[in-house]
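Throw the hints in and build the complete structure from the sequences for me.
As you go down the protein sequences, you meet chains A and B in turn. Residue 244 in the numbering used here sits at position 217 of the first sequence, and the numbers go up by one each step. Residue 30 in the numbering used here sits at position 26 of the second sequence, and the numbers go up by one each step.
Because the hints were derived from the structure by calculation, they are not lab data. Certain hints may be false.
Claimed, not checked - According to the in silico footprint, chain B covers these stretches of chain A (three or more CB under 8 angstroms from chain B):
| id | stretch |
| --- | --- |
| 1 | 68-76 |
| 2 | 102-109 |
| 3 | 114-128 |
| 4 | 193-203 |
| 5 | 244-254 |
| 6 | 272-281 |
Where is the CB? At the ideal position from N, CA and C, for every residue including glycine.
Take a look at the letters that make up each chain.
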Amino acid sequence: MPVHHFIPDDSLVDSLSDDLSSPLKLYPSKPKKVYVFGTCLVDLFYPEAGMSGVLLLEHAGVEVLFPQDQTCCGQPAYTSGYKEEARSVALAQMSLFNEEYPIVVPSGSCGGMMKMHYPRLFEGTEYDQQAQEFSERIYELTDFLVHVCDLPLVDQGEQTKIALHTSCSSRREMKTTDSGKALLKQLKNVNLVEPEKVTECCGFGGAFSVRHPEISNAMVKDKLDHLSNTKADTFLSSDCGCLMNIKGAAEKDKSALTLRSGEHLLSFVARRVGLIEGGSE
Amino acid sequence: MNTTTDPFQERSEAAVKDKKLRANFLSAMNGLMEKRDLAFDDKTQLEALRILGAQVRQNSLVKLPELLVELETKLIQKGVQVHWAQTPTEAVDIIQSITLKEKATKIIKGKSMVSEEIHLNDKMEQIGVECLESDLGEYIVQLAKETPSHIVMPAIHKNTAEIADLLHEKTGIERKEDALYMTEQARLQLRQNFMEADIGLSGVNFAVAETGTLCLVENEGNGRLTTTVPKTHIAIMGIEKVVEKLEDTAPLLSLLTRSATGQPITTYFNMISGPRKEDELDGPESVHLVLLDHGRTQMYQDDELLDTLRCIRCAACMNHCPVYTRIGGHAYGFTYPGPIGKILMPHLEGLDETQSLPTASSLCGACAEVCPVKIPIPDLLVRLREEANHPNAQSSNVKGAGVKRRGMEPVIWSMWRWWHQGGTRYRLMTTTLSRLRFLQPGTLSPWTNTRTLPKLAKKTFHQQMNARAKK
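Rendered as structure tokens:
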């Protein structure tokens, strides 16, 4: 027996207002130059991921500009409820990328902050328009490599099995979940496997993992189990927060030894195509 | 950051360690997520329907004062007695006075989260009136002397074995881990009570202003019995539940049942439009509606926080929340748990009473992704975190705003701002940190209880890019 749900007819769908629906994602044509925003976690803990991103962009024939005065996107203060502090730091960043080039970020989370939350942060202030224009130029780096650079990758590595952790912000804010997969699928010796509950959060959430450690621990342990169950040689993430969290849990839990070499997606890709040397960290 | 003295912290830590509880929730939520997914097989239609649902609710909220007046007028015309309560105490007083007037001693209840919100059962017991829950889940929870742990499935924290034990101990029936058997037995026990009760008390899923209709969504038939058998029916609802037109209920119902349990439709959809008429054989002789505010006008007055009132209580946000799945509903300590509870309870009870709720989220966004009426829950959590830190925010009228602005936290964030506002000072600090990386501690509680700390890099990304530029 067919089940009849209430289904809006086309005239209703057409009349829906734009403000409640997701904006269409638009990509520019390949530019000569881009700005890279490094993020504070990349800067202090995972510079290799940032360098790999730069090398991959250059490999695609794009010149990289790196304003040395950049610091942090402001997300830690914003999500902790310190909007004024976040605004000051965000404003300092917005003043540094003055040419019209796209701004690419090796993190879904910081990218999400700059693309989705800057306009909210400055709504109704004198920087409203500037924040809007700035946010429109933000791209997540893997997404930019796939959709704008059309980067050809020749795999030079051995056969390996990889599990990819997709972050909540790349999934739900930047909507770039498929970009990491698309890059990895170009590598012919890489067997990409998807862990169970791939859409579930790893439990990092910035201050959440410190304020509510028990809940966060339970989440990261389950995430680690799902990643380990894939029997992958290593796991990758394009978000340093998730990486810190899951890699930290894997290193602490000796039973998950196969996953100890978890690393940033960009470092992995750069190594596979011979842009950087050595094993994983 | 103090992480040990807060009651939410204590309850959630205990819940995380309760392996049986976690297993019960994990399995139940997995099942519910799967059912919802199957119910919305066409993702484009789902998205269109969500937008429509959000618009219907938003439209009702924009016109809320007018629609409430219209609802009241239409209901009075149909013989329904309408009461307004600003606080839970006022709502309880209204219900108690009806009970006294009717000389009632026994109330049979259909499922109502608003009655949980005002802690009605305890308050009625204090004046010697028995309230018996007739929804199966609520009945189980009541037998266990507990409160619901989920807004749609109140006893979801218990597995079949636990329920079999409970029914055996409390009602004396034979212990059988058989859901059908237990349901039948509970049904027999409840049936007599419908006949004996003086008053039936129910919630309201949607109240239609245009027609003066109270809609009640349910599966077990207890809602129908509650609202028709006893000679008095009292319905209670939050003021936000009103919709403009009868046709508004169609998309909302479709979204509600599929989001909640994956059902295309429920067994019963009751539409109540007043007491028994002269020529009618059954139905209550009198019908009352209690309209409860309890912090809702506070949300209504703020363009952003207003979104919270769109909620149709489907619990999809709970079912998909990785935090709720691991701690369960009771750990929150308030009537409405999960993501919606974290943005709703601060209004109902004040931020001073609910300080930990807005922080207890990784902002993963799963809740907003499944919300049938597109409530931007993570954004509202961030907003409430901000409210908790800023006592003098001009726009704020949330009770308890600013309660968390104390101690070292604001000082730390001021320092953080100073550090990240200027490139030169930032580079000086990070370069120094990298040079002193050998001094980096190996542990940093509580982070390192279950994780190792990431090592500071020898040369920062800034330094490496700078060196490259100089080549």
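Against the structure, the hints come out as follows:
Counting residues of the stretch 68-76 of chain A whose beta carbon lies closer than 8 angstroms to any beta carbon of chain B gives 7, which meets the minimum of three for the stated coverage. For the stretch 102-109 of chain A, the assignment as covered by chain B holds, since 7 residues bring a beta-carbon within under 8 angstroms of that chain's beta-carbons and 3 suffice. Residues of the stretch 114-128 of chain A with a Cβ under 8 angstroms from some Cβ of chain B number 4, which satisfies the need for three, so the listed coverage holds. Residue count for the stretch 193-203 of chain A with a Cβ under 8 angstroms from a Cβ of chain B: 5. That meets the three needed, and the coverage hint holds.
With 5 residues having a beta carbon nearer than 8 angstroms to a beta carbon of chain B, the stretch 244-254 of chain A meets the requirement of three or more and the stated coverage holds. Check on the stretch 272-281 of chain A: 7 of its residues sit with their Cβ under 8 angstroms from a Cβ of chain B, so the three-residue criterion for coverage holds.
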